[in-house]
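Protein chains: 2
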Amino acid sequence: MSSQTFELTILGSSSASPTSERNQSAQLLNIAERFFLIDCGEATQIQLRKFKAKFQKIDHILISHLHGDHFFGLPGLLGSMHLLGRQQELNIYCPKELKVIIDSIHKISDTRLNYPIKWHFTNDDGLNLLFEDDKLEVYSFPLKHRIYCTGFLFKEKPYPRRIDKFLMDKFQVSTAFVNNLRVGKDVLNNEGVLIKNEEVTLAPPKARSYGYCSDTIYDESLIQYIKNVDLLYHESTFLEDKKDRAKATYHSTATQAAAIAKMANAKKLLLGHYSARYGHLEQFTTEAQTIFEKSVLSVEGETIKIGHAK
Amino acid sequence: MSSQTFELTILGSSSASPTSERNQSAQLLNIAERFFLIDCGEATQIQLRKFKAKFQKIDHILISHLHGDHFFGLPGLLGSMHLLGRQQELNIYCPKELKVIIDSIHKISDTRLNYPIKWHFTNDDGLNLLFEDDKLEVYSFPLKHRIYCTGFLFKEKPYPRRIDKFLMDKFQVSTAFVNNLRVGKDVLNNEGVLIKNEEVTLAPPKARSYGYCSDTIYDESLIQYIKNVDLLYHESTFLEDKKDRAKATYHSTATQAAAIAKMANAKKLLLGHYSARYGHLEQFTTEAQTIFEKSVLSVEGETIKIGHAK
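As you go down the protein sequences, you meet chains A and B in turn.
Be aware that the first sequence starts at 1, since it is given in the numbering used here, and climbs by one per residue.
Be aware that the second sequence starts at 1, since it is given in the numbering used here, and climbs by one per residue.
Hints listed in this document are in silico derivations from the structure and should not be mistaken for laboratory results.
Where hints are given, some of them may not hold.
Remember, identical chains collapse to one label, so a pair may be satisfied in a single copy or spanning two.
With a straight-line Cα cutoff of 30 Å, these simulated BS3-like cross-link-like pairs (lysine-lysine) come out [what the hints assert, rightly or not]: (1) LYS107 with LYS247; (2) LYS57 with LYS243; (3) LYS157 with LYS118; (4) LYS107 with LYS118; (5) LYS267 with LYS144; (6) LYS54 with LYS242; (7) LYS107 with LYS242.
This one's a predicted model, so the numbers in the text were calculated from it and none came from an experiment.
The following block holds chain A by itself, in its conformation from the complex (with noise of 0.2 Å):
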């Protein structure tokens, strides 16, 4: 199996308050062709049409937290679903509140969707395992925010060994064992002589992972959840400037982001969730490179494509 899609677009980077240039919290991920919205501020779906997103392929809808900058835009999103024609179930990964409002707009507005939700709620007991399918599985994990939060943890499964067919022919393995080289066995040959698996197979591409942590104080009990991972989005709302503000708030500023990655052992930082207060923001990578340096901004519109650790 070769490597597959593993990209993350920004829909929103801005916090409690949009501004003209930033919109509120939304990302698109896509693994292998599917498609995850991660959060939901207003004008997500302005947003999805914006940057040409196809949103009817996206079949997962995960909403960390209820404060309205992270799901703001959902009634409006799963309403223009239903109007374009949707039809496909829709699994949405949330605090068990948000169902209940959805129901009542649904109710006063008069509206029945055409196409089924499947709503699976999200419970702060650790790693919980949210999705899974041959491809990737998707966790969710307790943040330390003013309400209820959780981050979410996505995971591709490792990937087979490659064959190596040149190598097959030359030590005479049947191909009926390909199956059994691909997951790691070795294997007897056409004479019945033990070959090695490293003989005839080449090591994988590296499963990836995403870890994605908005919205949360700065807080190290929850770097278990997201060691080592290819990609850390984690919350910054602030600039050291404003490090008890961001304390008072239950936010983390771009220094603590940093030193969460480092700590962490993630391969890149994404940055994101800055408050309206700030117009220019190389201040929040500068900050945050002096402890990580593969820290990034989040921009609105941009796709970061997640490679393989080597």
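Fit chain B to the known structure of chain A by using the hints.
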């Protein structure tokens, strides 16, 4: 009293679904520096920022009905008003179920606004006074749509007659009578002679009015509420090619909007609430102008100044 501001800024012109070009229903009306937000589709707060409207000046929000494209922007706007320091009371005129939704959202997100909301629930029992001060009156009136819906009527109070000081001197009328003259009374001059009001005053500018009708099926019974308005906004979700669809969904075509404007003797017709199916909008004015010449399009970001009728 000289003429005061009376202008309408279009914030959204799309119907059920936004497009990459058009936002959902919202208008900002300024009458004598009283600011009224009329409907509040998703991303209205973003549109207000984009068009540099000072949204803390809005003390009145009117919601016609509870289809999402008319109120999904409200929770976010209320939150941003709070975050930006609002303390003065906000009046919301709406169907009563909206308060239930807003209260639930504030409860689950643990939001306490720093300013009071004064709720005024509309009803569909004819013309109902919602607001009145020394400059104007605002009414709701029933519309026929799939769910409970009202239109809104904004009316300036009559202007006082204008004093002609030259003629007052000429006819020897004391300035003590100015207030009587302004309201149209005849007065006695310094020699006890009756002076007809028109001899020393000029006709005032005519009071202006704005009627807002969205969403509605073609319905001649609404004409009674909007007779002679200076500007009529009447939804035109469809063109004639979708006349049947308009009827089935309780919406109107541009031609029907024009027919209502003509029968109501409106001075000008503003079209809007366009279905997302229409990319170009010229045909809306083409069709409407066949019936009612002074038909114009709602264009987001544009401000329509409403002049005094001759």
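Taking the hints in turn, this is what the structure says about them:
no.	hint	in the structure
1	LYS107 with LYS247	between (39 Å within a copy, 23 Å between copies)
2	LYS57 with LYS243	neither (40 Å within a copy, 32 Å between copies)
3	LYS157 with LYS118	within (24 Å within a copy, 54 Å between copies)
4	LYS107 with LYS118	both (18 Å within a copy, 24 Å between copies)
5	LYS267 with LYS144	within (23 Å within a copy, 59 Å between copies)
6	LYS54 with LYS242	between (38 Å within a copy, 27 Å between copies)
7	LYS107 with LYS242	between (42 Å within a copy, 28 Å between copies)
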